[in-house]
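Colleague: Throughout, my numbering is defined as the position within the sequence shown, counted from one, plus 45.
Please note that the accuracy of each hint is not assured.
What the hints assert, rightly or not - FRET-style restraints, in silico, Cβ to Cβ:
id	residue 1	residue 2	range
1	G430	E153	53 to 61 Å
2	R511	R229	15 to 23 Å
3	E349	V621	55 to 63 Å
4	S653	I125	56 to 64 Å
5	D100	R511	16 to 24 Å
6	R88	V494	31 to 39 Å
7	L159	S122	18 to 26 Å
8	T350	R511	32 to 40 Å
9	D530	K402	32 to 40 Å
10	E153	A369	47 to 55 Å
11	R88	E163	17 to 25 Å
12	R263	S618	30 to 38 Å
Source of the hints: derived by calculation from the structure; they are not laboratory data. Bear in mind the structure is a predicted one, so any value in this text is a computation, not a measurement. No residue lacks a Cβ here, since even glycine has one placed at the ideal position from N, Cα and C.
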Amino acid sequence: MTLGAGLVWPALAVRSRIEASGRHTGRYPSGAPAEGEIVTVLRMSSLFLRTLREDPADAEVPSHKLLVRAGYIRRVSPGIYTWLPLGMRVLRNVEAIVREEMDQISQELLFPALLPREPYEATGRWTEYGDNIFRLKDRKGADYLLGPTHEELFTLAVKDAFSSYKDLPISLYQIQTKYRDEARPRAGLLRGREFVMKDSYSFDVDEAGLAKSYDAHRDAYIKIFDRLGFHYVIVEAMAGAMGGSKSEEFLATAANGEDTYVRCASCGYSANVEAVKVPTPAAVDHSGMPAAQVIDTPGTPTIETLVDFVNSAHPRGDRPWTAADTLKNVVVLLEHPDGRREPLVIGVPGDREVDEKRLSAQVEPAAVAPFDEAEFAKHPGLVRGYIGPQALGAGEGSATGIRYLTDPRVSEGTAWVTGANSPGQHVVGLVAGRDFTSDGTIEAAEVRVGDACPSCGEGEGLEAARGIEMGHIFQLGKKYAEALDLKVLDEHGKLVTVVMGSYGIGVSRAVACIAEGNHDESGLVWPREISPADVHLVATGKDEAVFVAAETLARELAAEGLDVIYDDRRGVSPGVKFKDSELIGVPTIVVVGRGLASGVVEVKDRRSGERREVAVADATAEVCREVRGA
Numbered sequence: 046m047t048l049g050a051g052l053v054w055p056a057l058a059v060r061s062r063i064e065a066s067g068r069h070t071g072r073y074p075s076g077a078p079a080e081g082e083i084v085t086v087l088r089m090s091s092l093f094l095r096t097l098r099e100d101p102a103d104a105e106v107p108s109h110k111l112l113v114r115a116g117y118i119r120r121v122s123p124g125i126y127t128w129l130p131l132g133m134r135v136l137r138n139v140e141a142i143v144r145e146e147m148d149q150i151s152q153e154l155l156f157p158a159l160l161p162r163e164p165y166e167a168t169g170r171w172t173e174y175g176d177n178i179f180r181l182k183d184r185k186g187a188d189y190l191l192g193p194t195h196e197e198l199f200t201l202a203v204k205d206a207f208s209s210y211k212d213l214p215i216s217l218y219q220i221q222t223k224y225r226d227e228a229r230p231r232a233g234l235l236r237g238r239e240f241v242m243k244d245s246y247s248f249d250v251d252e253a254g255l256a257k258s259y260d261a262h263r264d265a266y267i268k269i270f271d272r273l274g275f276h277y278v279i280v281e282a283m284a285g286a287m288g289g290s291k292s293e294e295f296l297a298t299a300a301n302g303e304d305t306y307v308r309c310a311s312c313g314y315s316a317n318v319e320a321v322k323v324p325t326p327a328a329v330d331h332s333g334m335p336a337a338q339v340i341d342t343p344g345t346p347t348i349e350t351l352v353d354f355v356n357s358a359h360p361r362g363d364r365p366w367t368a369a370d371t372l373k374n375v376v377v378l379l380e381h382p383d384g385r386r387e388p389l390v391i392g393v394p395g396d397r398e399v400d401e402k403r404l405s406a407q408v409e410p411a412a413v414a415p416f417d418e419a420e421f422a423k424h425p426g427l428v429r430g431y432i433g434p435q436a437l438g439a440g441e442g443s444a445t446g447i448r449y450l451t452d453p454r455v456s457e458g459t460a461w462v463t464g465a466n467s468p469g470q471h472v473v474g475l476v477a478g479r480d481f482t483s484d485g486t487i488e489a490a491e492v493r494v495g496d497a498c499p500s501c502g503e504g505e506g507l508e509a510a511r512g513i514e515m516g517h518i519f520q521l522g523k524k525y526a527e528a529l530d531l532k533v534l535d536e537h538g539k540l541v542t543v544v545m546g547s548y549g550i551g552v553s554r555a556v557a558c559i560a561e562g563n564h565d566e567s568g569l570v571w572p573r574e575i576s577p578a579d580v581h582l583v584a585t586g587k588d589e590a591v592f593v594a595a596e597t598l599a600r601e602l603a604a605e606g607l608d609v610i611y612d613d614r615r616g617v618s619p620g621v622k623f624k625d626s627e628l629i630g631v632p633t634i635v636v637v638g639r640g641l642a643s644g645v646v647e648v649k650d651r652r653s654g655e656r657r658e659v660a661v662a663d664a665t666a667e668v669c670r671e672v673r674g675a
């Protein structure tokens, strides 16, 4: 509607489902809907819902199995799912929690999912994303992509609107579907090609402002994850392809989580394994060390056989040789987004393996590929099985010209047993800084339980656990602002580049994550604030009086502002109805059945399994108290 010079919107009555305490109270916390408000009951006789008794063949994790079996989602193709009515209700409840907390510190907007190439070309990510994004052309041949994330669009929106430091700080967010062409989509909603994400961005004049915005988002995230109903930890993380400096992940603890994190019981340090920094040993004075010695090492194809051989043929005087005394040189192939292929050699102590995830995080946006026989044929200077650092390095004088990076433990003055670049030969006593150097260090070796804590170096060493990444916050800095020329005039009238922060939450992933932490052998067990309904009402038997009483109770509960799923199906056995109620996982189950003849109904707590009989006349009030925790 318009009136005079502007728009006049009709008034909307907006009611929160969540009290200030965060406790779920149904659609109407005050106890009843407004006059004229329509209340609905989800009747299973007409609900678009079919439960399954068997696990889907492609499901590997509990959340995937149960969300499909309980009728929350259905697979369309690998990594792509339909949200069915019950699933939509759960997803919207998660979104509501995110919105309520984000609205305290940010403003919501919505960008399109279909995006032009140009902004991503300007930041380099059109190429950097490689095969991980969906690219398409319009009828005129112009390039587009389906948005994997929206840093560029947020940056341009602020650039178009603001030009002065007086306009800042500001924070903007959206909840929107994202698209990434995952190579192996699996685990249901935990790893898909289409997913719902909350991404937000802060814009400040300087680093001090960024720190405040970062802390505000961190506090909001704590409130969000406290309400979502699963145990989580906050760990140090790597920014990766996002860029920036400080970065933290919010991980839901889960035995089958795809991320490993470590923690120190002594000082509280915690970090994603990809972000662990190995303490660099102090330099060792090597002035008195003997010269390196090349030795024949027949029949030593592995680190174990090499150690056995040198202990037998060249024993040490102070202690036996161990795998930790050997330097293993691992060759990989980096495939850069621009198509360039680069060999890379990584030197790590022989008692450790190269961790693929840690390596991948270090070399992003390049992808890591195996260095196969064909690649070895292209580089005859690499003697397979006997590679040593003497022939490596990207600088002048290198026999191979291949970049060589070493673990921080390969520090100045440390001596190693390693390959001699000659078939059947190794070298003993090769000293870092004297006999060889590297092109830099790389954090690619595996992190093991018991390793020294990078923070305190004390206690019993690091502990390891698994988790699911649910949120990630970054201090982006100026990367995107510089690429897209986002500048404002400061208080002195000088143009300065805006400093940005980036903050993401996996909204659809949260549904799966909550399911991972809230289920038993019978099905899902939703936290009350997330559940698709407040009450699952079950009518059992053939007696018409049961269905009349159940219908009355359903209407009374709805009139009190509770969301009700009512199993009004006729000709379905009580056993099937009970199994469905447990599978669907609503926190409060009410059974109207045989007890009606005695004037009672059964109220069951889905999580604890506790049951109690309640007089029919008191049922509405008792169920309301159960739901609202009064």
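Colleague: Looking at the structure, which of the earlier hints fail to hold?
Modeller: 4, 6, 11, 12
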